[in-house]
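> Protein chains in written order, with my numbering: chain X, 1 to 128; chain S, 1 to 279.
The hints are simulated quantities; they were obtained by calculation from the structure and are not laboratory data. From a predicted model like this one, the values you see are computed outputs, not experimental measurements. Mixed in with the good hints there might be a few duds.
What the simulated footprint calls covered on chain X by chain S, stretch by stretch (three residues with Cβ under 8 Å from a Cβ of chain S suffice, anywhere in the stretch; the number is not a length) [what the hints assert, rightly or not]: (1) 22-31; (2) 83-90; (3) 106-115.
Backbone N, C-alpha and C fix where the C-beta goes; we use that ideal spot for every residue, glycine too.
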Amino acid sequence: MAGSNFKDKNIQDVIGWVLRGGVIVSMAVVFIGGVIYLYRHGSSTVSYRQFQGVPAFVQSIGGIINGILNLRGRAIIQAGIILLIATPVVRVIFSAIGFILEKDYLYTAITLFVLLVIIIGMLTGRGG
Amino acid sequence: MSVYLLTIIILAGSYFAGLLGSLTGLGGGVVIIPLLTVLLHVDIHYAIGASLISVIATSSGSAAAYVREGITNIRIGMFLEIATTVGALVGATLSLYIHTPIIAVLFGVILIFSALMSLKKKVENISQTESVWAEKLKLNGSYPTPDGQVVKYGVRKVGGGFFMMLFAGIISGLLGIGSGSLKVVAMDSIMRIPFKVSTTTSNFMIGVTAAASAVVYLQRGYIDPGLSMPVVLGVLLGALTGSKILVHAKSSGWLRWVFAVIVTILAVQMIYNGITGKI
Numbered sequence: 001m002a003g004s005n006f007k008d009k010n011i012q013d014v015i016g017w018v019l020r021g022g023v024i025v026s027m028a029v030v031f032i033g034g035v036i037y038l039y040r041h042g043s044s045t046v047s048y049r050q051f052q053g054v055p056a057f058v059q060s061i062g063g064i065i066n067g068i069l070n071l072r073g074r075a076i077i078q079a080g081i082i083l084l085i086a087t088p089v090v091r092v093i094f095s096a097i098g099f100i101l102e103k104d105y106l107y108t109a110i111t112l113f114v115l116l117v118i119i120i121g122m123l124t125g126r127g128g
Numbered sequence: 001m002s003v004y005l006l007t008i009i010i011l012a013g014s015y016f017a018g019l020l021g022s023l024t025g026l027g028g029g030v031v032i033i034p035l036l037t038v039l040l041h042v043d044i045h046y047a048i049g050a051s052l053i054s055v056i057a058t059s060s061g062s063a064a065a066y067v068r069e070g071i072t073n074i075r076i077g078m079f080l081e082i083a084t085t086v087g088a089l090v091g092a093t094l095s096l097y098i099h100t101p102i103i104a105v106l107f108g109v110i111l112i113f114s115a116l117m118s119l120k121k122k123v124e125n126i127s128q129t130e131s132v133w134a135e136k137l138k139l140n141g142s143y144p145t146p147d148g149q150v151v152k153y154g155v156r157k158v159g160g161g162f163f164m165m166l167f168a169g170i171i172s173g174l175l176g177i178g179s180g181s182l183k184v185v186a187m188d189s190i191m192r193i194p195f196k197v198s199t200t201t202s203n204f205m206i207g208v209t210a211a212a213s214a215v216v217y218l219q220r221g222y223i224d225p226g227l228s229m230p231v232v233l234g235v236l237l238g239a240l241t242g243s244k245i246l247v248h249a250k251s252s253g254w255l256r257w258v259f260a261v262i263v264t265i266l267a268v269q270m271i272y273n274g275i276t277g278k279i
C-alpha cells in the first residue's frame, strides 16, 4: 500500500485521539457520578448477591436523562458508562470514514458490516 | 454492607486486579471476576457486566498509544472484528440460557488456559509467506522497530484465524472478558502474525468486541452503576500503574509465575463452586 501510507497515518492519529478522548471523558463522568452517589447513598446498605437487574431509573435513556437533571449519582455513572461503550463504536465509524477517504471500498464494506453487527445487538438485546 | 465500605473494598481489589492484569498481560477481566464472585459473593451476572466495562476502558486506553505508533494493523483488526463481534453477540445471547454453574466452570477453564499462556515464552516469528487470501484482503503489513527500521511480514491461514476469532468472540460475550489470550492464539500461532503486532492488534479489537456484547448487557441490567463505578475506575488506574512499572522492570518472570499460581487457585475455586452449585 505504497501510495496510501500518508492517509493510513491520518486514520491512525484520528483513531488514537478518539480512543484516548473517549476514555478520559467517560471516566471523568463516572467519577463525578460516583462522588455524588457516595455522598447521597454512602451509608445505605447494598448487596449484589442476588441478580435483580438494575434500578428502574437507569434502565432507559429517558430515565438516565431525567436522573442526570436531578443530579442522581447512578444516572450520571450510567451515562459515563454509555459514553465508554460508545468509544470503540465511534472509533469504528471513524475507521469507516477513513477507508472511504482512502477509496478502500473493501474495507469500507467490512467496517460497515461490523457497525451493523453492533447495531443489531442494540436492537435485539432485549428480545432474545 | 454499606455502600462506602463495599465501594472502597471493590476499588482497592480492582486496582490490584488491573495492576496484576497489566503486569502479566492477562488483562484485568480474568482477575476481577473471581475476585468479585469468589471473595465478595457478587452475583456472576453483575460481575461479568462490570468486568466487561473495565475491559473496554483498559483496552481503549492502551490501544490509543499503540495505534499512533503504527504497530497495530488496523486492517487485520477490522477484518477479524467481523468474527469477534458476531461471536460476542452470540455469546451475550447464550449467557441468558446457560446456567450459572456452567458459566463458572467454563470461566475457570479459560482462566487456567490464560495463566498457562502467560507463562509461554514469546518467540518472535516473522513469516514472509503470503497466502492468497491475505493478499486479497490486504492483511500483510509492516511495523517500525525502535531503531527506525521497518519490518515487513506476511499473514497465513486467514480462514483458521477467522474461525478461532469467532470462538474468542463467543467466550468474550459469554464471560465478560477480553479473551485476549485466545485472540493472540489466533493471530500468533495460527496466522503467524509477529508477536508485537498480534498483541497490540488484539488489544485494539477487544474494545469493539466488548462493546458489541456490552450493548446487550446494558439492556439486560447486567451493568449496575453502583458496582461498575469502583470496578472500572480501579482497574483502569491499576492498569495505568502497571504499564508504568513495566517500562522500568523488564524481568517480571517470577511475578508471572506467582500470579499464574494465584489465578489457578482462584480458577479451581470457581470450578469447584460451579460443580457443587455454590455459585
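> Take the hints in turn and mark each one as holding or not.
Hints, one by one, checked against the model:
Proximity of the segment 22-31 of chain X to chain S, defined as three or more residues with a beta carbon under 8 Å from a beta carbon of that chain, is established by the 6 residues found. Evaluation of the coverage hint for the segment 83-90 of chain X: fulfilled, as 6 residues show C-beta separations to chain S shorter than 8 Å, against a requirement of three. Counting residues of the segment 106-115 of chain X whose CB lies closer than 8 Å to any CB of chain S gives 6, so the stated coverage by that chain holds, three being the minimum.
Every hint from the earlier list agrees with this structure, and none is contradicted.
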